[in-house]
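Asker: Okay, here's what each chain looks like letter by letter:
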Amino acid sequence: MANILLFLSILALIAGWWLSRQGLASKPWLEQGTTVTLPEASTTPPSKVGLGVFLAVAGSLFALFISAYAMRMQLPDWRTLPVPGILWLNTVMLLLSSLALHGARNAARRGEMPALRIGLLAAGISALAFLSGQLLAWRQLTAEGYLLASNPANAFFYVLTGVHGLHLLGGLVALGRTIAKAWRETATEPLRLSVELCATYWHFLFLVWLVFLSVLTGWAGELIDICRQVLT
Amino acid sequence: MVDVPLGPAGAVAPADVEDVELYHPHSWVTKYVFSQDAKVIAIQYSFVALSVGLIALVLSWLMRLQLGFPGVFSFIDANAYYQFITMHGMMMVVYVLTALFLGGFGNYLIPLMVGARDMVFPYVNMLSFWIYLLAVLVLVASFFAPGGPTGAGWTLYPPQAILSGTPGGQEWGIILMLASLMIFIIGFTMGGLNYVVTVLQARARGMTLMRMPLTVWGIFTASFMALLAFPALFVGAVMMLFDRLFGTSFFMPAIVEMGQPLERNGGSPLLFQHLFWFFGHPEVYIVALPAFGIVSDLISTHARRNIFGYRMMVWALLAIGALSFVVWAHHMYVSGMNPYFGFFFATTTLIIAIPTAIKVYNWILTLWRGNIHLTVPMLFALAFIVTFVNGGLTGLFLGNVVVDVPLSDTMFVVAHFHMVMGVAPILVIFGAIYHWYPKVTGRMLNDTLGKLHFWVTFLGAYLIFFPMHYLGLMGIPRRYHDIADMSFVTPSVHTLNAFITIVALVVGATQLVFVFNLFWSLRHGTPSGGNPWRATTLEWQTPETPPPHGNWGKELPVVYRWAYDYSVPGADQDFLPQNQPGLTRTAPGSVHG
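Respectively, the protein sequence lines represent chains A and B.
The first sequence: position 117 = 117 (this note's numbering), numbered continuously.
The second sequence: position 102 = 334 (this note's numbering), numbered continuously.
Check before you lean on any hint, since a few could be wrong.
[Stated by the list, open to error] For lysine-lysine, the following DSS-like pairs were computed, each having C-alpha atoms within a straight-line distance of at most 30 Å:
{"no.": "1", "chain 1": "A", "residue 1": "Lys-48", "chain 2": "A", "residue 2": "Lys-181"}
{"no.": "2", "chain 1": "B", "residue 1": "Lys-786", "chain 2": "A", "residue 2": "Lys-48"}
{"no.": "3", "chain 1": "B", "residue 1": "Lys-263", "chain 2": "A", "residue 2": "Lys-48"}
{"no.": "4", "chain 1": "B", "residue 1": "Lys-263", "chain 2": "A", "residue 2": "Lys-181"}
{"no.": "5", "chain 1": "B", "residue 1": "Lys-786", "chain 2": "B", "residue 2": "Lys-263"}
[Unchecked claim] To spell it out: a stretch of chain A is covered by chain B in this simulated footprint if at least three of its residues, at any positions, have a beta carbon under 8 Å from a beta carbon of chain B; those stretches are:
{"no.": "6", "segment": "1-14"}
{"no.": "7", "segment": "140-154"}
[What the hints assert, rightly or not] Here are a few chain B residues that sit away from chain A, every Cβ distance over 10 Å (derived from the structure):
{"no.": "8", "residue": "Gln-492"}
{"no.": "9", "residue": "Val-592"}
{"no.": "10", "residue": "Gln-743"}
Worth flagging that the hints you see were computed from the coordinates, not collected in a lab.
Cβ coordinates follow ideal geometry from the N, Cα and C atoms, glycine included.
Excised from the complex, chain B in its bound form (with noise of 0.2 Å):
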């Protein structure tokens, strides 16, 4: 250990710092296509996880359609209908949301946040994006394979994923999903290894880890989830590849197919379920701890406040992580378990409430006086905390068996993960996007654009999601593709279904303003300057904006206080730059809570 004098007059020369050697693109193509600066392959997986949302959002259009006006949209058949639901589950959850936090925001915010030049180990950086992008290609063109895509659902539950009944299940569809999504976790791999030792190893002089945004805390934690997770889902595709292809009988029981026995026998669907899942809640959580990083970021930034708790925030990532790694069984329920075992995990559920709430209740703590600038990142971050509780509520209800069971096939469990995993950390992308374009660009998104995207995207959710509880109560089962008229199926359902619908049109329609303003922006945005937002963290402190390659120029950043010193009495502006050495806070006690 050693003693740095961190006053005035005693500031670390920075060229006590070590310095890296940096790989120096020389033609265009190294610079901007097989580039091995991060900020380039962020804004790559950036890109091509956008570009994934919109088909995986044009799929749900076509699900919401049959839905809403069920019959009227001929090409729309059960087959289809199932497809596009798998597609869109897994899309969404894995080659978007992953992508994006981590690949995307991962890739441009830790060196950038950390002081570093770059990721610790470039190359294999490079290759993880592109490795993605074959992923993405794979999938992809299962839309154009014979027989199409699978239709399995997102959590490919055996037998069914690899029968004949099943669309994609004896043709191509299953084959390349499986094989896209080991492509995807061997190139996730390179770049988690990235991402993890990066922080651990390649951090500015004085950034301590306590001294750490929790943005980088959150993606930090969750890559490190991811790499220990992603290898559960990998086992499983082995061996359902397996079944599907050699004939083996991991998952397949004892089955009749079209009136004729298969020649398998004795395999466990069971054992899928586990290995699925154990990937599978994981993966909540490492979607859920970059959000929840990066929106302690822009609540402590636009309400001028430290964040509260900084300590607190910090233990509850970890523990939600570590938790988030016992709770896997809480998904199968109606799997036929031991009823001990689902008490068990019923427990474990609950538990995670506790560091969940720690982290609401901090944010809230944060906002508490604070000077709350209603910019739009803010809106946004606000619009989480909300949604967040509202899924985290329902979550308390089918965490425990007895109200999870009756519920588990209706569409109140779409309605609960769409609000918890699916609005909740896209309003935190938005917001984060719409935070960190200057600093990407040298331009800010326009405002207006931004506030109608905002409350459209936010009012609409809710007006898609709300009545689905409604309709999940009522007893209508989520999976079919034609409800027709049961009994218990009130004429109120297809009004309420239909509607539905066209409000998911509409927000659905105005992602396309927002993709407008990305690109409108970049030329006609008003210029931002370095920093726009007054920001403490080391990435709105670069010489240049954007960064260039090797971020820093000259010298390395030095690191003299926390990122959160907002408002600090004495001071001369409402922030103190983690860089900026001197300047004595007068009364610590009375500024944080």
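Extracted from the complex, chain A is given alone in its bound form (with noise of 0.2 Å):
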């Protein structure tokens, strides 16, 4: 349970600093009738912090399935499965279709309507492609006897990548939307929100995948290790 618990030491601190800077020392009681100073009402479009919210929700999600993978991969009869290669050409498909959604994003704010056109298509192609690649990697390996039953090592590979693929697949509803209003639209700004949230999905969906490559290779055994002495 030490990542979850890692995880949401972080999530703690970003609470502590936000709460920090709202004025939890102070004395409502006697603030009234004088001159108070209220902070500028926040220009953050609701969606931004929804969306953030949200990403701390799915970043529980993970870190408790990463959890989950720790505690099952000390016991015995574990038998850590072969990564197949199509993976790394994944990762840099799903590297692709994040570097395309953030020009997308730059292209929105210099109001460069074909380069954003260009780079929402091409964002949702290799991420069509990654998430193909994922299904490969899965056929590969049940070809080759790697069954979802046989080994938990097995069973947790389906299930990672399954739950991300999940919400790629989700964040895709949403990239498809953007996509149907970008050939709708003939100005990027009515767009921009809307690119700059798929982007920050996109990067973070990145960020778990590169986590979850770390994990099923192996490559954070050492780290979880670590982890594992300082829980014990």
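With the hints as a guide, dock the two chains, each given alone in a separate frame, to form the complex.
Answerer: Below is the structure:
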């Protein structure tokens, strides 16, 4: 459970930092009738804050899966499975997708509609390529006899990649709607927020994928060992 | 930062406040069924949650009938008994308490209390309710599925939860239960995002965090905790569903079922317990924190006294919220854990008692020399304090490993958590309904029926659960369908069990008085006016009661003061609404304790 506690500590630090700027030490009962300093009305759109909170929730979900992975892999029946080579290609695809959305975001800020459309489309296609690559990896593993139920390492591989893929699929729905909107609109301004939200989500999912990959390939094993020693 | 003069001369012009574009319903269906108005969603949530509560109440009756009069009711066999236990527990904890506090009170009160027109994502909010309803339907469907609902106990511990010896283990029960929980969590996440972001982003001008009523603080903190804790249950549910459906061994050790070795091995049931309680313990506070917040407001309003130590109350809420994530393993003392591990969790558990004690202390000092009105909401609030202290004290016993180990499998535990997590929050829910019903409907609930409901419920709950502690100390095990005539079971145990059952039947039946009151007062209650309790918080200052779509008419309210200006010296009336400008208090130090 060290992973989830680490994740929550980071969240707690962020929350603590934010709360420390909210005047938690003020004495509201003495304030009325005098000049009170109010924080400037927030200019961040609610959907950005909403996405931020959602990323905390999704992050907590992923951290818990990794916690479960770390606990389960200590048991003697664990047989690490070979990571299919196609995962490296998939990683590149997801990176491209993330970069394309980053480009789209910059294009939206500069007001360049053609670049924005190309960026969005490229991101969508490379994300679909990533998902197909993941399915191929599944088929490859199944063909080689690494079935879901034959070892917990296999089961975790399918579950982790599956959960990550489902989140990306959900993102693709939002991206699809943004792409449709990009072809309806002529100005980039109405699209800017949607594109920024998609880009943030994509970067997050890319980061999560890197973490998952390091866990599945065993690179994170050493780190997990350290975490375990800290806990015990 | 901007300086806003808040005196009478320099009131903030409402035009400065940025208003929001509202969704406007056009038909009856979008107004009352697929509504995006948080107030309608709140009533939908509350209605469904209270209905589930009634089902769970009947289930508890059936359990009590078996315990009080074993063997008399032949249809309650061991399997049925475990199914009743499981469904009663899960329904009450997740589908009633969580849904009612966050989905019900959260939806109704957050926008009104922070001065917003609605939640920030109304469409997602609507989805949240319908997904919750789907989760409830899936759960209730398991009563009609082959094999009936799961009888794994509300903690659903593997391996027994998915084996054939447990009702529903190899049939539909456990699958529907896990599916329903996953659906619930998805729906809750949608709602929870709304509650949190609305508090963060949609507060009225002048509503700093430290001017928010404690109700909003409680619901806000609890929503945030729930958002982070429910994923643990989700992960556990996904993995157990895989174990059950696809034969994986996340939680399943090598095991022999009905004489046949299963094809699983190596799994860790303990892993599930960690995941479950990583959700399960914060869940206690997800229910308790909104109750703390609501009770603070009820006490302050009905004692006409500002809340004592507001800052401490806020800090304590946050401290409890944070600490509740590092105590989960105190539910697992008997799982054979490393003693140092147990020591660590016993320590964190006892530390939580400090912020909790601060809250109780502050409630009592709020009441001290207050002008206490023994209205029905106040009665329930006072009963909550007593009950929570009672339940909390037995928590100190069970939080210590050496005491917990012998008591863990006895009725003492049942008595403890029903006091602290069952009765206490339910008392707050009742108090809150009596308190806010006039705002929701424009009419008061009947006072005589309310007092009858209160006294029977309050005294009855003590008659049920106090003797249960004694049964626990006698060594009477929980989870047993029939304790029969073991040598340590004295005749008094049987008499006591029968007594508890009879009281439970009476208390349960009295809840029908409450349900009747809810419907009867809808048409026949005394018209309440906009602010019957003369309260300060914003929801009582709406131009119309019940508040229409958009809450505030043309102009959003502006907040000039904190939520607890009661009995201010020099003021015309004994309360100053949060949106009332002007009037400086002459000697603040003399009023505030």
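Asker: Decide, hint by hint, whether the structure agrees.
Answerer: Results of checking the hints against the structure:
1. A:Lys-48 with A:Lys-181: holds (19 Å)
2. B:Lys-786 with A:Lys-48: The hint holds at about 27 Å.
3. B:Lys-263 with A:Lys-48: holds (28 Å)
4. B:Lys-263 with A:Lys-181: It holds: about 28 Å lies between the C-alpha atoms, which stays within 30 Å.
5. B:Lys-786 with B:Lys-263: holds (20 Å)
6. 1-14: Our answer is that it holds, as 6 residues pass the Cβ test (under 8 Å) against chain B, meeting three.
7. 140-154: holds (count 3)
8. Gln-492: holds (17 Å)
9. Val-592: Label holds. Min Cβ-Cβ 21 Å, cutoff 10 Å.
10. Gln-743: Check passes; 35 Å lies beyond 10 Å.
This entry satisfies every hint, going by the numbered hints stated previously.
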